[in-house]
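Student: So the chains spell out like this:
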Amino acid sequence: MDMVQTEKLVFEYEKRDEDGNVIGASRAIDEVDIDVKEGQFIAVLGHNGSGKSTLAKHLNAILVPTDGTVWVDGRNTKKPEELWNVRQAAGMVFQNPDNQIIGTVVEEDVGFGPENLGVPTDEIWKRVEDSLKAVGMLSYRHHSPNKLSGGQKQRVAIAGVVAMEPKCIVLDEPTAMLDPVGRKEVLKTVRKLREEKKVTVILITHYMEEVVDADKIYVMDHGKVVMEGTPREIFSEVEKLKEYRLDVPQVTILADELRKRGLDIPKGILRKEELVSEITKILQK
Amino acid sequence: MIRDITIGQYYPAKSILHRLDPRVKLVSTLLYLISLFLFKSIAGYLAVTVFLVGIIRASKVPFRYIVKGLKPIVMLLMITVVFNLFLQKDGEVLLRIWKLSITTVGLRNAVYMAVRLIYLIIGSSLMTFTTTPNELTDGIEALLHPLNKVHVPVHEVAMMMSIALRFIPILLEETDKIMKAQQARGADFESGNMIQRAKSMIPILVPLFVSAFRRAYDLAMAMEARCYRGGEGRTKMKPLKYQTRDRAAYVTMVVYAAAVVAIGRFAPLQVWIF
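Listed in order, the protein sequences are those of chains A and B. Here the first sequence stands for residues 17 to 301, where the numbers follow my numbering. Here the second sequence stands for residues 72 to 345, where the numbers follow my numbering.
Keep in mind that the hints are not guaranteed to be accurate.
[Claimed, not checked] If you anchor each label on the Cβ, the simulated ranges turn out as follows:
1) A:Ile-295 <-> B:Asp-289: 43 to 53 angstroms
2) B:Phe-134 <-> A:Ser-165: 28 to 38 angstroms
3) B:Gln-267 <-> A:Asp-33: 36 to 46 angstroms
4) B:Ile-144 <-> A:Lys-163: 23 to 33 angstroms
5) A:Glu-259 <-> B:His-222: 50 to 60 angstroms
6) B:Ile-144 <-> A:Gly-134: 21 to 31 angstroms
7) A:Ala-192 <-> B:Ile-239: 23 to 33 angstroms
8) B:Ile-144 <-> A:Ser-165: 25 to 35 angstroms
9) B:Leu-102 <-> A:Gly-55: 52 to 62 angstroms
10) B:Glu-244 <-> A:Gly-55: 32 to 42 angstroms
11) A:Glu-28 <-> B:His-222: 37 to 47 angstroms
12) A:Asp-83 <-> B:Gln-254: 41 to 51 angstroms
13) B:Gln-267 <-> A:Gly-134: 51 to 61 angstroms
14) B:Lys-131 <-> A:Ala-192: 37 to 47 angstroms
Since the hints were made in silico from the structure, they are not lab data. All values derive from a computational prediction rather than experimental measurement. Idealized CB from N, CA, C, for every residue including glycine.
Isolated chain B, as found in the complex:
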């Protein structure tokens, strides 16, 4: 069950998105995230939906796989929806339960916020699905390179991120193993209230941390044994070079962003579905 978490994982496939320069994907993702908050009208949502569907198609990542990545944020999503739904006082009252009321504005905000969050997660996980952590590291490193001048250890930070991503599935598997081992000895993770359940996680976390530290030590040793000595003097197996398709992607993104801004500004604000 715990192995089902797909968020942040690379999905190997041969698509145009997989081949794009990681810098393009990083910048595009950022642009896309900002674009999600630039409009309020239904037309804007339509535009983003069309764009997103197009990108998903182009990525060749199965839709079901992407949806699986949404699982961990269900809780967050629920909280957002509930808060938006009940704490909005403006607008016509649709339903009143005791002291709480659902208004048109509240309902609208709840739905839109949920859609925005889902789109946000899908968009950013599409980047990690189509980019290997090493490429991601290279991209971040290249984009943040100017910060080196103010003594930010850009390479080291990028390396740490890529290692963290590499170890997610390994640590998940380990968690699974530890849970089973504890369950075999009678541990109970399912019953009880929130606090009891949180407490029952301690026998999982302690061995997990111990093993994570051991792994970190082993990995550091293995890296040193393979002559790793920081970013200086390192060459790249896959150096970043912009291709025609990367330039085309940049243009697409600029057009997309401009379209969203235009729609957000000019499309009638009050075209609601309800």
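If we strip away everything but chain A, and leave its shape as in the complex, we get:
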């Protein structure tokens, strides 16, 4: 079944002059078609201003399309009566962990979503405990979020979304403001959630290393989907990726350079281990 589907999605910002008169429109998203099946891990890559965050906001009905349609769990996000169902079906984690935590105690923040949904009290407690356990933050439940590290805060934010039991989690650059340790923590948590809770994950990012495990990658540039395919297909085209100002992982670049110099290495190397085994193969010949 389709979890998320967009059909010729267009979103335009109104351009205004200093007096607030509309002087035109600029397209942030230009006829984007994406298709996410249940349980998949989808990555959307793009440089700043590529429209990837705007796309993310459509999946949660924070923005509604200017043209075209977005279907989330079979519901049209344009219909006002579906708004809350859409938001429950697709939970959203934002970039800045400080600006999305409402509670002053970790467990109260995680309970905020279920409270809004009108979940009965006992059930809220169960969900809070489950989701804190799922992100590995249960021992911090009575802590103040202000005293946590960036990675921990982001895990709390993820728990807050998990507690609403969404079918799909949209992560909008969840690691952009974190240090390498925090980034690893968050990615590990996301991986664990996919394995244990079988949720669909849509990860929006500009770090290519994060999307190696994805089932499918969409690359966006200037509001358009310019590439789509499996990580291996995408990573094979190093030159093209550089053109879209994406940071290709070091291993992939190294493998690509080696191949250009005549070594017999296949395209689209994703991991260090792969390159190592390819090189050993050559050496043993």
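Go by the hints and put chain B onto chain A.
Tutor: Frame of chain A, contents of chain B only:
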């Protein structure tokens, strides 16, 4: 330095005060604040002091932490003391400096006013130290619920308060960062007179406001994304239910208030220390 401000902040601990129903704490705080102005005798001060010390003990909040919360009101305290000290004409003159004079009544009022103010701040900050903002919001919401009938947006107001409290430390940290960034580029916040110093705050306030608005926008979006739609149809993770200890606290407060009133009325008014 700016991060030291502890007023209005929650202090996590496991005490009887932390466990009390926020409604009890709100009503008690109000009662306590009123009680501070119900007496004039030294006996009254003693009674309040005993009560306050007991409450501080029960809260398990370190005394030093509480005192740190008094820092921001030092200025206010000084002004009150100075005004009381010099502008009181009644009573025996103790000291005369030029046209100003310190009288017994003035000295007494100054000391008592200062003590009252300090007690007032300690008492009310004890409530915020022992109550999470969410509980506070719930308490205020429950207590003010009847106002909903006259179309006062009680839930929204309570939510705004709790968010404001949540963002105090974040904005303080931000102020600190901006100050350091400006200082690194040669800004000077320490020298000059009052007006110059106030002026030098502008390069801090402008970026602070800009970032506060951005945060507000982000937060509103995050709240909507988590299905926040006002108070209607919302359930509570921690619903308010009175326990035995809450009833006991109410009784304690009534006894305390009655004692203070009684002391204020019957204890001899003129038992002064000097």
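Student: Each hint needs a verdict: does it hold in this structure or not?
Tutor: Hint check results:
1. A:Ile-295 <-> B:Asp-289: 43 to 53 angstroms: Holds, since Ile-295 of chain A and Asp-289 of chain B (Cβ atoms, about 46 angstroms apart) stay within the stated range.
2. B:Phe-134 <-> A:Ser-165: 28 to 38 angstroms: holds, 30 angstroms
3. B:Gln-267 <-> A:Asp-33: 36 to 46 angstroms: holds, 39 angstroms
4. B:Ile-144 <-> A:Lys-163: 23 to 33 angstroms: holds, 25 angstroms
5. A:Glu-259 <-> B:His-222: 50 to 60 angstroms: holds, 59 angstroms
6. B:Ile-144 <-> A:Gly-134: 21 to 31 angstroms: violated, 42 angstroms
7. A:Ala-192 <-> B:Ile-239: 23 to 33 angstroms: holds, 25 angstroms
8. B:Ile-144 <-> A:Ser-165: 25 to 35 angstroms: Holds, since Ile-144 of chain B and Ser-165 of chain A (Cβ atoms, about 33 angstroms apart) stay within the stated range.
9. B:Leu-102 <-> A:Gly-55: 52 to 62 angstroms: holds, 57 angstroms
10. B:Glu-244 <-> A:Gly-55: 32 to 42 angstroms: holds, 40 angstroms
11. A:Glu-28 <-> B:His-222: 37 to 47 angstroms: holds, 38 angstroms
12. A:Asp-83 <-> B:Gln-254: 41 to 51 angstroms: holds, 50 angstroms
13. B:Gln-267 <-> A:Gly-134: 51 to 61 angstroms: At 55 angstroms between Cβs, range holds.
14. B:Lys-131 <-> A:Ala-192: 37 to 47 angstroms: Since the Cβ atoms of Lys-131 of chain B and Ala-192 of chain A sit about 40 angstroms apart, the hinted range of 37 to 47 angstroms holds.
Hint compliance for this structure: hint 6 alone is broken.
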